[in-house]
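K.L.:
Starting from the given sequences, assemble the full structure and let the hints guide the process.
Protein chains in written order, with the numbering used here: chain A, 23 to 378; chain B, 6 to 705.
Hints may be right or wrong, so weigh each one.
Said to hold, decoys possible - Computed footprint of chain B on chain A; a stretch qualifies when at least three of its residues, placed anywhere within it, have a C-beta under 8 Å from a C-beta of chain B:
id, region
1, 195-209
2, 215-222
3, 250-259
4, 335-347
Keep in mind the hints are simulated off the structure, nothing from the lab.
C-beta atoms are modelled at their ideal positions from N, C-alpha and C, and glycine is treated no differently.
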Amino acid sequence: MSGDGLLSDARLTIARRDLSSLSREKTIVLALLIQLFIAAFSSFLVVGLSSLYDPGSVSSDGIVVGVTGDDAQALVDAAEEHESIRTLTYANESRLRQAYQDGEVHAAMVTDGGGGRIDVEVLVPRESIETTLLVDQARTLLETVERNEREIRSASLERTLVPVPDDVDASQYFGFTYTVLVPLLLFLPPFISGSVAVDALTEEIERDTLELLRVAPLSLVDIVDGKALAMVVIAPLQALLWVFLLGVNGIDVANILPLLAVVTAFATIVVVVGLLLGVLTGRRRQAQLLYSVVVLFGFGLLTLLPEHPATTVAKLAVDSATSATMAHVAGYVTVAVLAVLAARAVVARTDAEALS
Amino acid sequence: MTAGDGSRIRRLLGWLRRLLGWPRRLLGWLRRLLGGLRRAPGWLRTRAENVGRIARWEVTKNAGGLDKKTVVIALVALVGLGALAPVVLSQGIALDDGIYRVGVSEDSPYYDAVAADDTFRIQEPDRRALLAGNQEILIRGDRVARFADTTKGRAAVSELRSTVERYNDNVMRGETNQSAAFPVLVNLTYVSRNVTSVDPPPQFAVSGPDEGPDDGTTGDTATPGGGTAGDGTGTGSDGSGTDGSGTDGADDGTNGDGSGTDGDGAGTDGTAGDGDGSGTPGDGTDGTDTNDGSGGGNVGGSNIADRLTGGSASGAPSDISPPFPFRSLVLAFIFVLPLNFIIQAYGSTILGERINRRGELLLVAPVSRGDIIAGKTLPYLAGALGVATLITLALQGSAVSVLAVVPLALLFLSATFLGAMFARSFKELTFVTVTITVSLTSYAFVPAIFTEVTPIALISPLTLVVRDLQGQAISLGQFTFSTLPPTLTAFVMFGLGAGLYREEDMFTQRPIPLKVLDALAGPISRVRHVGMMTAVLLPFVLVAELVVVALLFALGEISIILVLAAVAIVEEVAKSLHIYASYVHSRFDRGLRRALTLGAASGVGFFVAEKFQLIAQLGDLQSRDIGQAQQNDLAVLGADVPLALVAVGLLVAPLVLHVVTASISAVGARRGRQAYLGAITVAIVVHFAYNLTVVSILVG
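P.N.:
Here you go:
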């Protein structure tokens, strides 16, 4: 047997073969298209939702709130602190309600000053697209009123309030983008890779083509190696593509190399688990079921870590990484390497004859 | 008598014979019909038995398909997951731990507030770190000295604002003087109105008593407690506690505001909220009494669905929260999610039939293809409905919800069936399933988001579910409009897949384009089948066109041209692809007359189906310019044109167009692939020109 040269060539051959069969079956194109769809659609969703936050989308002047009642002046004063809220004062409640029905104002606020408090009834349209924005703006306005009133009544208060920082024009969905969207897009490729790996191996077993592979001077370990290589490689490639697409959409992702390391590590672990299950069960349905369950369970276990992997990814992407974050990355890489070694040991001991 | 005369007489006699043969043929047809009716009960019984048997095999075979070891391992993992859940929940999952870095010292009043929020990581205030991008906010003393002027920095400040406000509210909760601590009390009411856009008056002026809107509708002249339309807090048919209001303007007495609850949603028929007149007159003289009114518009009503997603609507300003922007989304998602899992098992079992020729035994058994397909699908459909029933019971819905899920489940299953018949390996099936999941979930989902806003939401049956869960009544017309197209589409897909349920396509690795042609040509053996197939493919045409409209809508003005072109392409392909398929399978002779007949049949079929669809959709898409480009014919109704012109515009011209273009494609198809492609291009151009002409006539 000619040494490592032939064997590593053989593994590469298997990897290449598996990859090309993927592209021939158009499955990888499908996977890319689906994730592309999710990535593109999500970006639009985030951008679209944040333009909801931006009052400019409702009308060129922001929103107009009709006010009436004894304490209308407090509302008017508070509105002056907000550029995007304009107030119109009406003489009485019925005029205001009429104006609301006629569409002169976006929302209406009826105040009443009985009982030492300001009671405000807020009218907003019934669940239309703009309702969220209007309720949000109404709440902002009323919180300003509340703050002003607390200041006026500060003599009656025992504790002091922390001053609220000035308003800035910020994207409301920054957190969502980096803590939910980016981790989702980065963890999806490993999961798919693992699923495809399970299919690749069990299909060979069920269609009896594994025997043909083993007739070539290849051991089961080599075959598994080759398949693992193929499936692990496509995960960071996809991740890179999504990062690029997100960048095009204005979502900048930092620390790309550590992120790729995390993605590759997870892909390795998941692919190894999948292939092991394939080898141990030899049947596709069992292997897929166990794979889904084990991955879910594993993901649940990961929440016991000091830092959840999604948080790790979020911190890296947003450039707030700490030493703990980097330690986690190193940990994942180590676990991946150990998993590969352990899996090879297990596969080497498996009786390949029993599989077919 | 010459030979020519003889042949003419023979032809005449032949015509006469055929003419007289008509009554005989009619009688024969009637006899066959009666015979069929007589045999029907027995036929049905056989079908039911076969289907039941196959369904039973499906269930027992699959249930026994997993060996004990697997089941044990899976159960252990699930139990472990269940044990893990409380631990995870008690710890809480904070995904945004420490993403913003704040420099604040311990003596600053901000310190406690910042420390309470895990999103912030506290560092020593350091100006250089901030400039280097290692710190987002710098706090000195009692004010924010600097913050990084990046998206991240601004987001951090915004987060700090809400953190501080939350902290302040917590501090105030410990105050003894609560009316000074919480000086503002808010009551949020949702009041529907008819206007679609808001047009504020330009001036800032205070509208005095003479300047107010004076439409003559009762404004301030209503007698206290008077007014009939939806005054006071009558309870309508729904238990949801959200209010519609009598919006005729006649309801506002100086007291009691129109917060009657009425049954229908906002503007489904254009008549937003007919307040049912006999509410109790509003009592009290000030608006605050509505706080105690019977759920006077508080969203926190009795309905679980509302409680799941509606925000709280009264209390301190920071307590009110806007409804989750797409509240229907959550509800919709709960119904669609189980379907995604069911189709995975279903696809697996269908494809399993094709591996190693396992399905051959069923194929040779004395059961029809329809029996096999129905029998295999039935357990999964029943499972889907069972889960839907459970969810409906949990969410306190009615039978309408479960019935509305049927077409959706059928759609998922039929798409999976078709996908499994096309897939060449389990790998391929996995991705086909994922594609189906994504696209059908979007189809079900996205219209349901707009449940309250526009009647176009009825395209998806999930809208019915959402409305039912919110306690709104659903008319039979709405139910039919929503459920019939998906059901028919599902059956079409089952039919197409059944065309592939034969040995040549099941057990071989035929390339996909050939399989498509097989599926299309399967049921075609006569000319009229071509027309019927065109008609039956119409839902797919509509879906494709809608997707195109939705995608191109955002592009603005140019989208109209693009939509017209795309519509032309989609319709031409739908009208002619099966003609090409039947030529490939040599169903018809390749004569010119035959081709023209096929084209005519296809055009007529398309026309008829299109008119049915237009009648059903009357008025729905008129408000959108892009939609109008599609609904060329319908728009003519609105214009002041003589009836003859309307008839031409509405009926004759489209029919001629469809027949002509389909015939062009058919004539090309009879010769082969290149000719077909060329002919269909010509047909597309003709169709596009027609669309363009119509639109410019209407618009210009």
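K.L.:
How does the coverage statement for the region 215-222 of chain A fare against chain B, requiring three or more residues with Cβ below 8 Å from a Cβ of that chain?
P.N.:
holds (count 4)
K.L.:
In terms of beta carbon proximity below 8 Å, does the region 335-347 of chain A have 3 or more residues touching chain B?
P.N.:
holds (count 6)
K.L.:
At least three residues with a C-beta closer than 8 Å to a C-beta of chain B: is that true for the region 250-259 of chain A?
P.N.:
Not satisfied, violated; 0 residues make the cut.
K.L.:
Quick one: see if chain B covers the region 195-209 of chain A, three-plus residues with Cβ-Cβ under 8 Å.
P.N.:
holds (count 6)
Against the hints set out earlier in the document, a violation occurs for number 3 only.
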